[in-house]
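Chains as they are written, first to last, in full-length UniProt numbering: chain A, 1 to 290; chain B, 1 to 290.
Derived by calculation from the structure, the hints in this document are not laboratory data.
Here a beta-carbon is modelled for each residue, glycine too, at the ideal position from N, C-alpha and C.
Since no wrong hints were added, every one of them can be taken at face value.
Rough simulated footprint, nothing fancy, chain A against chain B, three-plus residues with beta-carbon under 8 Å:
#1 220-230
#2 236-250
#3 269-282
Calculated pairs, DSS-like style, for lysine-lysine (alpha carbon to alpha carbon, straight line, at most 30 Å):
#4 A:K112 with A:K80
#5 B:K22 with B:K126
#6 A:K22 with A:K44
#7 B:K126 with A:K262
#8 A:K126 with B:K262
#9 B:K173 with B:K126
#10 A:K262 with B:K80
#11 A:K112 with A:K159
#12 B:K262 with A:K80
#13 A:K45 with A:K23
#14 A:K126 with B:K126
There are 2 protein chains.
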Amino acid sequence: MYQQLGVIGCGLMGGSFALAMKKAGLVRRVVGYSKSPSTTETAKKLGVIDVIAESALLAVSGSDIVLLAVPVAATESTMKAVRHILKADVLFMDVGSTKCDVVEAARRSLGKALPGFVPAHPIAGKESGGVQHAEAELYKGRQVILTPLPETTPGLVQKATDVWSALGAQVLKMSAANHDAAFAAVSHFPHLLAYAFFQSVAAQPAGRDYLSLAGPGFRDFTRIAASEPSVWRDILMANKTEVLAQSRLFRQALDGLEALLKSGDATELEDRIRQISDGRANWQMGAPRR
Amino acid sequence: MYQQLGVIGCGLMGGSFALAMKKAGLVRRVVGYSKSPSTTETAKKLGVIDVIAESALLAVSGSDIVLLAVPVAATESTMKAVRHILKADVLFMDVGSTKCDVVEAARRSLGKALPGFVPAHPIAGKESGGVQHAEAELYKGRQVILTPLPETTPGLVQKATDVWSALGAQVLKMSAANHDAAFAAVSHFPHLLAYAFFQSVAAQPAGRDYLSLAGPGFRDFTRIAASEPSVWRDILMANKTEVLAQSRLFRQALDGLEALLKSGDATELEDRIRQISDGRANWQMGAPRR
Chain A
1 MYQQLGVIGC GLMGGSFALA MKKAGLVRRV VGYSKSPSTT ETAKKLGVID VIAESALLAV
61 SGSDIVLLAV PVAATESTMK AVRHILKADV LFMDVGSTKC DVVEAARRSL GKALPGFVPA
121 HPIAGKESGG VQHAEAELYK GRQVILTPLP ETTPGLVQKA TDVWSALGAQ VLKMSAANHD
181 AAFAAVSHFP HLLAYAFFQS VAAQPAGRDY LSLAGPGFRD FTRIAASEPS VWRDILMANK
241 TEVLAQSRLF RQALDGLEAL LKSGDATELE DRIRQISDGR ANWQMGAPRR
Chain B
1 MYQQLGVIGC GLMGGSFALA MKKAGLVRRV VGYSKSPSTT ETAKKLGVID VIAESALLAV
61 SGSDIVLLAV PVAATESTMK AVRHILKADV LFMDVGSTKC DVVEAARRSL GKALPGFVPA
121 HPIAGKESGG VQHAEAELYK GRQVILTPLP ETTPGLVQKA TDVWSALGAQ VLKMSAANHD
181 AAFAAVSHFP HLLAYAFFQS VAAQPAGRDY LSLAGPGFRD FTRIAASEPS VWRDILMANK
241 TEVLAQSRLF RQALDGLEAL LKSGDATELE DRIRQISDGR ANWQMGAPRR
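Using the sequences and the hints given, assemble the complete structure.
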């Protein structure tokens, strides 16, 4: 049981964490700060937080667990603003989708509070952001990746594991570099692909007519192209080296399939497609790792 | 009211058309032929067809409406097999996803039966094919594209329009060339993209681990990569010129976004992504055309 959870950034992720912690009976009191006062007011009205903090510093003050859930671009300045009062035994986590940049920001800004920081990436979200969409079940059955630093206090990594597990999540640990390589492949690059694809169709002279003919396959394939621009600008910029590496591998695969199309080798094309199709049909979200 | 519907190819598409015609009270009797006898037996057992035909010719004989719903690769040989008994007033349609190749096959094979042929592409389908998944509602609320030839009897185009409308579909007419360009953009090329993307992830040394971390965005983005290999081999091969043209446009769009990533121009990247994201958020499947 934690005495006080400090939430910095009361949006979908921070708000859902607060609701989940309350529902699980893991925290007595939630203090919340957001840049916009109307957000914290809504959060308080909805019972997501109990007390409005007037600053990030005041959200940390007196808290034995702190969740940083601000846009990636605000991570470093927020860390700098609170590092002075972060005690060594306080569990301090973020929820960012990229981890190398967060770890670098923490190294630059946290100083002697660094060992208390446990970088976290919960693989959860919704189309619609904002505290009004926060829900206690958001993290249930989802994966949460922790990327502790060599300096991170082992006891706090254990505490982080226990907290997310108690919320119903499956906790995995890996290095920040491995995390960013993996998510470039399965999340960040596909967003770039979906953006590029939707743009290429919409920008054609007959694009509007084409779009009016598109069906369910197109709908699902382009769903992630509606993702929040500022969030994805940050993610793509933060992880661009890995994203561009994935693009090179993808282009090789596309070149290979197109070469078969051009050569007219239907048998080999079908074999190649069958291997891919079988692989995708056998894939299951959240299946246990090897 | 038609006296007899002849279905050549009693799979998902042909079977669903038979069920829908019966349910709408538009046909007295359905005669069905499939290459595999077990398919027609199942179709009869399920009440999809009333009479099993031993050949495509026997399915056409005595029918005043005929639906050709065989794999694209079998279109031409089937047309050749039945052209002799196709009468001028019989409504003869296919359901192929590509239309230029079907029109060419019809020109080569149908001879004086050509004016009775109304090429059709119902934008409908399911993950699971086969007559056992056929359903009367498959075409309800979906679009059906007709691509009549200059030679096609206008009265039969009207009949085709009436039939599909009576089944609850929205009927559009366009040239086979326009159809193939449009569907290369919104269906065929995205399948190639999804195949290439899934392959590029799965083939990496850490591919299995990466796949175990993938979430709902990845699931939806790659859903079409599980599509039936033989069907998509035919479609991609048949429409490869348009598919490769779409690929060139897509690569330009991807290059443009990657150039912004490389240059670090976050503002311009966000603007570009916001335009795309707004476009996708405002898109609705089946929205009325301009």
